[in-house]
Amino acid sequence: MAQQEPQRTIERELTMSRAMVEAIGHEMRENDDVFYMGEDVADYGGIFDSTEGLLDEFGYDRIMDVPISETAYLGAAVGAAQSGMRPIAELMFVDFFGVAMDQIYNQMAKNTYMSGGSVNVPMVLTAAVGGTYNDAAQHSQTLYGTFAHLPGMKVVVPSTAYDAKGLMHNAIRDDDPVVYMFHKRLMGIGWMPAPTGPKTPVPEDDYTIPFGSADVKREGSDVTIVTLGLHVHRALEAAESLAEDGISAEVIDLRTLVPLDTETVVDSVRTTGSLVVVDEDYRSFGVTGEIVASVADEALDDLDAVERVALPDVPIPYARPMEDEVIPDTDDIETAVQELE
Amino acid sequence: MSDTTDRVAVTADGEWTADVDEEEGIVVNWFASEGASVSEGDTLCEIQVEKVSIDILAPTDGTIAEIARREDDEFTIGDTLAWIESG
Numbered sequence: 000m001a002q003q004e005p006q007r008t009i010e011r012e013l014t015m016s017r018a019m020v021e022a023i024g025h026e027m028r029e030n031d032d033v034f035y036m037g038e039d040v041a042d043y044g045g046i047f048d049s050t051e052g053l054l055d056e057f058g059y060d061r062i063m064d065v066p067i068s069e070t071a072y073l074g075a076a077v078g079a080a081q082s083g084m085r086p087i088a089e090l091m092f093v094d095f096f097g098v099a100m101d102q103i104y105n106q107m108a109k110n111t112y113m114s115g116g117s118v119n120v121p122m123v124l125t126a127a128v129g130g131t132y133n134d135a136a137q138h139s140q141t142l143y144g145t146f147a148h149l150p151g152m153k154v155v156v157p158s159t160a161y162d163a164k165g166l167m168h169n170a171i172r173d174d175d176p177v178v179y180m181f182h183k184r185l186m187g188i189g190w191m192p193a194p195t196g197p198k199t200p201v202p203e204d205d206y207t208i209p210f211g212s213a214d215v216k217r218e219g220s221d222v223t224i225v226t227l228g229l230h231v232h233r234a235l236e237a238a239e240s241l242a243e244d245g246i247s248a249e250v251i252d253l254r255t256l257v258p259l260d261t262e263t264v265v266d267s268v269r270t271t272g273s274l275v276v277v278d279e280d281y282r283s284f285g286v287t288g289e290i291v292a293s294v295a296d297e298a299l300d301d302l303d304a305v306e307r308v309a310l311p312d313v314p315i316p317y318a319r320p321m322e323d324e325v326i327p328d329t330d331d332i333e334t335a336v337q338e339l340e
Numbered sequence: 000m001s002d003t004t005d006r007v008a009v010t011a012d013g014e015w016t017a018d019v020d021e022e023e024g025i026v027v028n029w030f031a032s033e034g035a036s037v038s039e040g041d042t043l044c045e046i047q048v049e050k051v052s053i054d055i056l057a058p059t060d061g062t063i064a065e066i067a068r069r070e071d072d073e074f075t076i077g078d079t080l081a082w083i084e085s086g
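Residue numbers (numbering that gives the first Met the number 0), protein chains in the order written: chain A, 0 to 340; chain E, 0 to 86.
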């Protein structure tokens with residue numbers, strides 16, 4: 000039997016949501032201190048399937064629906080974490096973080112430091128991020144830069160089912176607060192079809208992916224494309240198309256923003272000499288500028304050309320043609336690469 | 000055409016049909032591909048009827064010989080979604 004298991008795990012594929020749920024379920028079975036709280040996470044299973052099926056196994060004490068007060072339940076999660084539990088608290092939309100900004104920025108992120116290390120905050124803040132489905136300016140942001148900016152929180156952004164499971168195991172076991180940002184369009188939901196790519200083979204056993212290890216999703220020699228989340232798949236599609244024009248693009252998936260694996264990016268740029276950073280967050284003061292600056296710090300002489308592809312600094316429009324215009328697509332990435340050459 | 004005597008149909012059917020009024024649905028996700036070996040009870044695919052997702056489980060041990068309704072394909076309740084070759 001033991002011989003059969005590995006073979007079967009290779010054959011099975013999971014959507015990103017199921018991979019996340021599998022990791023959460025595993026950790027909850029192993030450790031009674033792990034529990035999940037959030038809006039519509041119990042009976043509904045999470046509006047983006049982030050907790051689908053967990054209520055049946057663990058019941059309402061460990062899969063908790065909460066009142067619509069992010070301040071109250073994120074504060075409760077911080078307190079529970081400081082008391083030795085390992086809460087996972089979900090922001091239904093990352094856009095809602097503002098009403099609980101003090102709990103996130105000042106309590107969750109800083110209490111370890113402020114207490115001189117007498118408490119730590121081993122919690123996971125999960126949050127649905129991203130647009131592309133016409134949900135307007137208050138439900139479509141990624142806010143990667145907003146969370147990665149402030150010291151005290153680790154920031155995780157998976158792009159595939161395999162990565163989502165390994166990163167979730169690592170997030171729950173981490174003794175510091177981890178913000179786990181899952182892109183809605185990668186989850187594999189019926190009404191929001193995922194692109195090809197996020198559904199991958201996933202081992203049934205637990206495994207961890209260390210934070211700060213970017214993943215080269217496609218190897219190439221002419222240009223380095225650095226991205227994360229949904230745009231990993233758009234970059235891979237662009238790379239496929241660029242290959243037909245004889246341009247060999249390397250695609251690096253950052254996987255975590257904090258800690259940031261600049262080494263993998265710099266190593267790639269030393270080979271290609273060209274850097275394109277693609278981000279679904281706003282252009283200013285964000286991921287694109289940070290990556291370009293980090294590479295410039297380490298390898299300015301190797302950097303022949305730079306482009307960044309990100310959202311312009313505008314609220315994300317509701318109307319489909321307008322949203323499609325502002326969110327970078329495959330053509331935008333291709334164009335940015337071609338303009339380098 | 001081929002000999003189907005050792006093939007078991009995976010059908011879009013189950014107790015859930017009593018709870019829906021619609022006759023048609025859509026295949027959302029396949030978790031196994033043709034040629035994969037599966038065990039009875041494994042989740043093979045996810046279908047959606049009236050916006051509700053339903054997991055379809057393998058009715059028997061075997062190998063997936065053919066997927067008849069692929070992702071995004073529509074089906075009518077009772078349709079064969081795939082064939083499993085037992086053994």
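Hints are computed from structural coordinates only; laboratory data are not their basis.
Using N, Cα and C, we set each Cβ at its ideal position, and we do this for glycine too.
Certain hints may be false.
[What the hints assert, rightly or not] Not everything, but these chain A residues come out facing chain E in the computed CB check (under 7 Å):
| id | residue |
| --- | --- |
| 1 | Arg11 |
| 2 | Thr14 |
| 3 | Gly187 |
| 4 | Glu297 |
| 5 | Asp301 |
| 6 | Ala304 |
For the hint on arginine 11 of chain A, does the least C-beta distance to chain E fall short of 7 Å? holds (6 Å)
Would the hint on aspartate 301 of chain A stand, with a C-beta cut-off of 7 Å toward chain E? violated (42 Å)
Should the interface hint for glycine 187 of chain A be scored as holding, given a Cβ-Cβ cut-off of 7 Å against chain E? holds (5 Å)
Holds or violated: is there a CB of chain E closer than 7 Å to the CB of alanine 304 of chain A? Hint violated; alanine 304 of chain A Cβ to chain E Cβ min 39 Å, cut 7 Å.
Quick one, is the threonine 14 of chain A hint okay against chain E at 7 Å, beta carbons? Holds, because the Cβ-Cβ distance from threonine 14 of chain A to chain E comes to roughly 6 Å (cut-off 7 Å).
Classify the hint on glutamate 297 of chain A as holds or violated, based on whether any CB of chain E lies nearer than 7 Å to its CB. With Cβ-Cβ at 41 Å, over 7 Å, it is violated.
The structure does not agree with the numbered hints 4, 5, 6 stated previously, though it agrees with the rest.
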